[in-house]
Amino acid sequence: MAVVTLAKALNMALRDALRQDERVLVLGEDVGRLGGVFRVTDGLTGEFGEQRCFDTPLAESGIVGYAVGLATEGFRPVVEIQFDAFAYPAFEQIASHVAKLRNRTRGRLALPMVIRIPYGGGIGGVEHHSDSSEAYYAHTPGLKVATPATAEDAYWLLRDAVHSSDPVVFMEPKKLYWSEEDADLDRRRVAHFGRAVVRRQGRDATLVAYGPAVPVALDAAAQAAREGIELEVVDLRTLVPFDDETVSASVRRTGRCVVVQEAQGFAGVGAEVVARVQERCFHSLEAPVLRVSGFDIPYPPPKLEHAHLPGVHRVLDAVHRLQYDDEPDVRHLDRGVA
Amino acid sequence: MSATLPPQTVQAMLPAPAPVCFVTESGKAAEAPADYPAPSDELLREAYRRMVVGRRYDEQATALAKQGRLAVYPSSRGQEACQIGAALALREHDWLVPTYRDSVAVHARGVDPVQVLTLLRGDWHCGYDPAATRVAPQCTPLATQLLHATGMADGMRRKGEDGVVLALVGDGGTSEGDFHEALNFAAVFRAPVVFLVQNNQYAISVPLARQTAAPALAYKGIGYGVHAEQVDGNDVMAVLAVMTAAVDHARRGDGPVLVEAQTYRVEPHTDSDDPSRYRDEEETLRWAAADPVRRLETYLRDREVLTERDVETAQAEGEAVAADVRGRIDLDQTPDPLALFDHVYAEPTPQLLEQRDQLAAEMKERED
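Taken in order, these protein sequences are the chains called A and B.
In this text, residue positions in the first sequence follow the UniProt record's numbering: the first is 1, and each later residue adds one.
In this text, residue positions in the second sequence follow the UniProt record's numbering: the first is 1, and each later residue adds one.
These aren't lab readings, by the way, just hints derived from the structure by calculation.
A portion of the hints provided could be inaccurate.
[As the list claims (entries may be wrong)] Think about it this way: if two alpha-carbon atoms lie no more than 25 angstroms apart in a straight line, the pair counts; the simulated DMTMM-like pairs of lysine to aspartate or glutamate are:
1) K66/B x D330/B
2) K159/B x E176/B
3) K159/B x D317/A
4) K66/B x D357/B
5) K28/B x E283/B
6) K159/B x E279/A
7) K66/B x D274/B
8) K159/B x E47/A
9) K66/B x D123/B
10) K159/B x E127/A
11) K66/B x D112/B
12) K159/B x E22/A
13) K159/B x E50/A
14) K66/B x D271/B
15) K364/B x E279/A
16) K28/B x E304/B
17) K159/B x D21/A
18) K28/B x E282/B
19) K66/B x E304/B
20) K303/A x D317/A
21) K303/A x E22/A
22) K159/B x D271/B
23) K66/B x D310/B
24) K28/B x D310/B
In isolation and in its complexed conformation, chain A is listed as follows (with noise of 0.2 angstroms):
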């Protein structure tokens, strides 16, 4: 055991990829010599050289169409985007192409490729550096989506999505990107990609939720704890595939469940995830599926996202109103969406 950061992590992941397999290569903007903006990529071009992590010009929808021409030519490109909202140039590339090729060519050519997105916001970024804009990518048929919350699964999420004959977009909380665990990363110890994890055990409500707003559940439901209330929380480590298994197992045996997520609420992933309960659980539970997220305004300017991003209080806010009264209080279901 060592204790690795989930940026450290990352480029582990990276460095055993291009170990493995020749074909990988890593590319982006800055991803060369300064090892990337959040130094994922460090010492990547020292190790494996210009021909296997270089720079490119500054130009997302080129980064990413030239990767589908190096993937069609039978390379594995790992692609860096440097921040969320800078992706949407590419958006055509990834929705047109990546997305597609597979199916627009009746299986004759596959786009085994990963495309890098740091994402979401708590670090004081300014405009345009802190989107949470999975959602997107999660509603495109042809993507598999992940987003670790811890260095060990972001470890193996990545490796697995490297190894991965589907393309794969990699949503990594930059948040979380310095946040340090105790990590085994030599053996795998369970299978990752595609399956959720149980983070804590509890028999009162199911909290859901993914990439930045693990940790946020994860407290929320410490503190309940202290309260008496025992919350379980489930981490799904990968928005497509979706594993409705575990989530439904969960729901059924506590009867609650609140979802949490950072992104925006209106027609986000949690809705997805609040469907696919009502649909599978319904005679299981006791109260309404509640949404935390996001309010639905552009990302805040630093000095206000504290008000934006939810935190614990308004995940227990949540959890109280679901909990144990008859008649749930649902006055907030219906915020943002007037």
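With the hints as your guide, set chain B onto chain A.
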């Protein structure tokens, strides 16, 4: 990657002041032949044969669209010199990266003529095997394919192969951001890719003057450090000469090339378009006089390189291709709806498998 560019002047990268032309509109040798070796008579005879077949194929596809047997067909009539010139410039291992208007070039590259039309008839998106034919799927979003072409070219170079990628785009596509990003990436990475702009004067209804204020689209190369040339796109002799030089340039490792072929879309954008709303008949007639097939035929016949018998043979081959397409286009079975769920992922998600079961149940219900 870090290779320095060979010494070259701005002048050397600029296109010729006027489009390269070997044969005039009336089929005579042009007065001042360009600084390119002339293609052999043998190659010109081959180009002629393929252009005649290509035109007949295009006419047949247009007719099928009018009959409702294709969902849509964007004709390339009048652009045969570009389509055939592109296909003939390539070696077997090279890639052709076409758009939806390049069916004739795709066919000339050896793809089964019915499979070429799969996209346009509406059963699947691409009917041929791109890896086996070295022809990328016909691309619908404009200019996006140019970036793929650049990556493919660089991929081949990285593997030590001497393949070249020829990417096709229209005049409208040159306004898209991906056109500029592709030229820039190609130049920076010295990718062996040739971009052929078929400037057919209109992006659906929008004329070239609304597309660019540049003296010619070929001038866009210099801003990226890309060698460029402009060519008479209705003179297949010139297209072959320029494209062969461009492909050789890229294959040698001297970097990408941008070629603008000036041509004209004789037919509507697709069968649902009404060109009388945006261009006058006089213009169409003027361009009809520049017809690439007749021009080459006159030139070759005058020089007795082409005989009546050659012309008849080419036409017979065109008829045979058209008959083959007519005969087979309706024979293919309607695709199985359950195949909708194939090839979305290599490893389908549980959700997709559930939906497949749902559709299977719906289909069974309808049968019962």
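Right, here's what the structure says about each hint:
A C-alpha spacing of about 15 angstroms is found between K66/B and D330/B, which places the hinted pair at or below 25 angstroms, so the restraint holds. For the proposed pair K159/B and E176/B, the alpha carbon gap of about 30 angstroms is over 25 angstroms, so the pair is violated. The straight-line distance between the Cα atoms of K159/B and D317/A is roughly 58 angstroms, outside the 25 angstroms bound, and the hint therefore fails. For a cut-off of 25 angstroms, the pair hint linking K66/B to D357/B is broken: about 37 angstroms separates their Cα positions.
With a C-alpha separation of about 22 angstroms, the suggested pairing of K28/B with E283/B holds against the 25 angstroms cut-off. With a C-alpha separation of about 51 angstroms, the suggested pairing of K159/B with E279/A is violated against the 25 angstroms cut-off. Annotation: proposed proximity of K66/B to D274/B holds, straight-line Cα distance about 14 angstroms (limit 25 angstroms). With a CA separation close to 20 angstroms, the supplied pair K159/B and E47/A stays within the 25 angstroms bound.
For the hint linking K66/B to D123/B, the alpha-carbon distance of about 17 angstroms falls within 25 angstroms, and the restraint holds. Using a Cα cut-off of 25 angstroms, the hinted pair K159/B and E127/A is violated, with the two alpha carbons roughly 41 angstroms apart. For the hint pairing K66/B with D112/B, the CA-to-CA distance comes to about 22 angstroms; that is within 25 angstroms, so the pair holds. Under the criterion of a C-alpha separation no larger than 25 angstroms, the hint pairing K159/B with E22/A is consistent with the structure, at around 11 angstroms.
This hinted pair checks out: K159/B and E50/A have alpha carbons roughly 15 angstroms apart, not beyond 25 angstroms. Under the criterion of a C-alpha separation no larger than 25 angstroms, the hint pairing K66/B with D271/B is consistent with the structure, at around 7 angstroms. Distance hint between K364/B and E279/A is fulfilled; the C-alpha atoms sit about 24 angstroms from each other, no more than 25 angstroms. As the CA atoms of K28/B and E304/B are separated by approximately 13 angstroms, the hinted pair is consistent with the 25 angstroms bound.
Using a Cα cut-off of 25 angstroms, the hinted pair K159/B and D21/A holds, with the two alpha carbons roughly 14 angstroms apart. Between K28/B and E282/B, the direct Cα distance comes to roughly 24 angstroms. Compliance with the 25 angstroms bound is thereby established for this hinted pair. Straight-line distance between C-alpha atoms of K66/B and E304/B comes to about 38 angstroms, which puts the hinted pair past the 25 angstroms bound. Between K303/A and D317/A, the direct Cα distance comes to roughly 23 angstroms. Compliance with the 25 angstroms bound is thereby established for this hinted pair.
Straight-line distance between C-alpha atoms of K303/A and E22/A comes to about 45 angstroms, which puts the hinted pair past the 25 angstroms bound. With a C-alpha separation of about 43 angstroms, the suggested pair K159/B and D271/B falls outside the 25 angstroms cut-off, and the hint is violated. Pair hint K66/B plus D310/B does not hold up; C-alpha atoms about 31 angstroms apart against a cutoff of 25 angstroms. About 20 angstroms separates the Cα atoms of K28/B and D310/B, which keeps this hinted pair within 25 angstroms; it holds.
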